[in-house]
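> Next come the chains, spelled out residue by residue.
Number of protein chains: 2
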Amino acid sequence: MAARVLDGTAVANQIRAELAPQVAAFTARAGRPPGLGIVLVGDNAASEIYVRSKLKSAGEAGLRADLERLPASASLDALLAVVDRLNRSDAHDGILVQSPLPDAMGPEAERRVFDAVDPAKDVDGFHPINVGRLVQNRDALVACTPSGVIELLERSHVTIAGAHAVVIGRSDIVGKPMALLLLHRNATVTICHSRTKDLPAVAASADILVSAIGRPGFVTKPFVKPGAAVVDVGITSIADRETVARMYPPGTKRWETYQKRGALTVGDVHPEVAEVAGALSPVPGGVGPLTIVMLLKNTLAAATLRVAGGGG
Amino acid sequence: MAARVLDGTAVANQIRAELAPQVAAFTARAGRPPGLGIVLVGDNAASEIYVRSKLKSAGEAGLRADLERLPASASLDALLAVVDRLNRSDAHDGILVQSPLPDAMGPEAERRVFDAVDPAKDVDGFHPINVGRLVQNRDALVACTPSGVIELLERSHVTIAGAHAVVIGRSDIVGKPMALLLLHRNATVTICHSRTKDLPAVAASADILVSAIGRPGFVTKPFVKPGAAVVDVGITSIADRETVARMYPPGTKRWETYQKRGALTVGDVHPEVAEVAGALSPVPGGVGPLTIVMLLKNTLAAATLRVAGGGG
Chain A
1387 MAARVLDGTA VANQIRAELA PQVAAFTARA GRPPGLGIVL VGDNAASEIY
1437 VRSKLKSAGE AGLRADLERL PASASLDALL AVVDRLNRSD AHDGILVQSP
1487 LPDAMGPEAE RRVFDAVDPA KDVDGFHPIN VGRLVQNRDA LVACTPSGVI
1537 ELLERSHVTI AGAHAVVIGR SDIVGKPMAL LLLHRNATVT ICHSRTKDLP
1587 AVAASADILV SAIGRPGFVT KPFVKPGAAV VDVGITSIAD RETVARMYPP
1637 GTKRWETYQK RGALTVGDVH PEVAEVAGAL SPVPGGVGPL TIVMLLKNTL
1687 AAATLRVAGG GG
Chain B
1387 MAARVLDGTA VANQIRAELA PQVAAFTARA GRPPGLGIVL VGDNAASEIY
1437 VRSKLKSAGE AGLRADLERL PASASLDALL AVVDRLNRSD AHDGILVQSP
1487 LPDAMGPEAE RRVFDAVDPA KDVDGFHPIN VGRLVQNRDA LVACTPSGVI
1537 ELLERSHVTI AGAHAVVIGR SDIVGKPMAL LLLHRNATVT ICHSRTKDLP
1587 AVAASADILV SAIGRPGFVT KPFVKPGAAV VDVGITSIAD RETVARMYPP
1637 GTKRWETYQK RGALTVGDVH PEVAEVAGAL SPVPGGVGPL TIVMLLKNTL
1687 AAATLRVAGG GG
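Protein chains in written order, with the working numbering: chain A, 1387 to 1698; chain B, 1387 to 1698.
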């Protein structure tokens, strides 16, 4: 008995195919493609990979995508000046400041920068006004990962209305918006976190279980009701031999990959969960590809609203 | 075995006593009292009572409170003009537009009016930017009823951290902010609603149960885990003999009150719940008094921020 695979790559490709004619139509109408400005500060290796992937996807989808780089030594004011320029740019409909920012910018830097992005261009959905509109179930630019999870569930025909959905993790960018999106689709929603008592039992009451905490293999069989749909939002690169072996022991294909590369990208969900879950999103190939395609979708939505509203 | 009473009147008086010297200090410092502008459109009887009660409480607390009345026939533009005037008034730190607005103003009127209130004066906590800041667990003006419930629980020594809190109702002004406030105090939170399956069983898993749906006597014994803290946010005036009798049968004191007045103010929670709950907020005298005192607290907070920020 193996869980059905919630194939994020396939769903992302489906959405990409739907976006293509819409991007073409926008470009013909506006005389320019939808534009995305990505700001990258410093030289975090993971951020480099994410940003390159976003730029490539945007380009392939027919969007204009510009990268603005700042050195790790840049001041917060310099970064805010770049955001301000992108806010005022007619060519840019979406702005994304890659997280994390260098520690040297101070603990408040991310919040100040996200607040500074024009809400109409806030394709990450991090501005409080977009978050508030999400709570009120109004049109809003919504964080890409949770809205990608909704697409994955809906297009995989997982019934949300009436289901009990349990979200593990209460971050501003995944857990909380995830809970709200599920609630607005008529799920009964429980949010769990590090202070939750008897987490396995709470998780095992879920028809839909979403884990977004970034703890490799944390969600094991006792967390999962037989037949439940499990969405794995955690993505962690692990190098530690023992941790890898606990999830993918010697003899498995993933172990071989680890042996070759010295590291392995894994999720919050232990592979043994496939034995009890009804459906399961893999890592990689689950939520990841959807996060990127939702960024493109948000950029097109922002562009369409801006042009309709007299911008651009 | 009777549940401990979560005494909203007593807690509200305690908060009122704490506010008094703060209001006096503000008034001495700013050369004027904190100011609240209340806008009332039309002649809804219940609204008249609420507004009168708010004005009286504000006056007694040493606040300036002004009532702006508009006839039921007023246009949305006329109402927006009043809001705009209060937004620009130096003497007013808080603005409250009493809900509901007349139907004739159209279905979008409330949303447009609440959006038009300066977020810094939004003492109802309805503006999306305040809602978004609440989600992000930042300083914000938060809706009065759910923040009053938190005060009631905390000051009655009900432990929130680690508890399983179940909120029945998912409105923008109670259910959703209530869930977020409990989550930020480290409860595991479940939000239920009309589409929830087996609601009694879900409710009965709660250590803290908050009902905010406005259905008289809906929450009965099977909804309540023995020893749970139950907060009744529903306030409904009922005239129907049978509905009253189901909650307060002939022979009870409340039945006599009903006989005298022809109507009775009741909550979502059936009185039989007192036999199993560990603590229970009454209606009236539970959450109601706290809602008003939180409005005063929000007005003082808005005034303090405005003056500190160079306003007023």
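Worth flagging that the hints you see were computed from the coordinates, not collected in a lab.
Please note that the accuracy of each hint is not assured.
[Stated by the list, open to error] Mimicking BS3-like on lysine-lysine, the simulated pairs with C-alpha atoms at most 25 Å apart in a straight line are: (1) B/Lys1442 with A/Lys1607; (2) B/Lys1646 with B/Lys1611; (3) A/Lys1607 with A/Lys1639; (4) A/Lys1646 with A/Lys1607; (5) A/Lys1583 with A/Lys1611; (6) B/Lys1639 with B/Lys1607; (7) A/Lys1583 with B/Lys1639; (8) B/Lys1583 with A/Lys1611; (9) B/Lys1611 with B/Lys1583; (10) A/Lys1611 with B/Lys1639.
> None of the hints should be skipped; say for each whether it holds.
Going down the list of hints, with the structure as the test:
1. B/Lys1442 with A/Lys1607: 58 Å, violated
2. B/Lys1646 with B/Lys1611: Violated - the C-alpha atoms of lysine 1611 of chain B and lysine 1646 of chain B are around 35 Å apart, more than 25 Å.
3. A/Lys1607 with A/Lys1639: With a Cα-Cα distance of about 21 Å, the restraint between lysine 1607 of chain A and lysine 1639 of chain A holds, given a limit of 25 Å.
4. A/Lys1646 with A/Lys1607: Not OK: lysine 1646 of chain A and lysine 1607 of chain A at ~28 Å, beyond 25 Å, violated.
5. A/Lys1583 with A/Lys1611: Judged against 25 Å, a Cα distance of about 18 Å means the pair holds.
6. B/Lys1639 with B/Lys1607: 21 Å, holds
7. A/Lys1583 with B/Lys1639: With a Cα-Cα distance of about 41 Å, the restraint between lysine 1583 of chain A and lysine 1639 of chain B is violated, given a limit of 25 Å.
8. B/Lys1583 with A/Lys1611: 16 Å, holds
9. B/Lys1611 with B/Lys1583: 18 Å, holds
10. A/Lys1611 with B/Lys1639: 48 Å, violated
Checked against the numbered hints given earlier, the structure breaks hints 1, 2, 4, 7 and 10 and satisfies all the rest.
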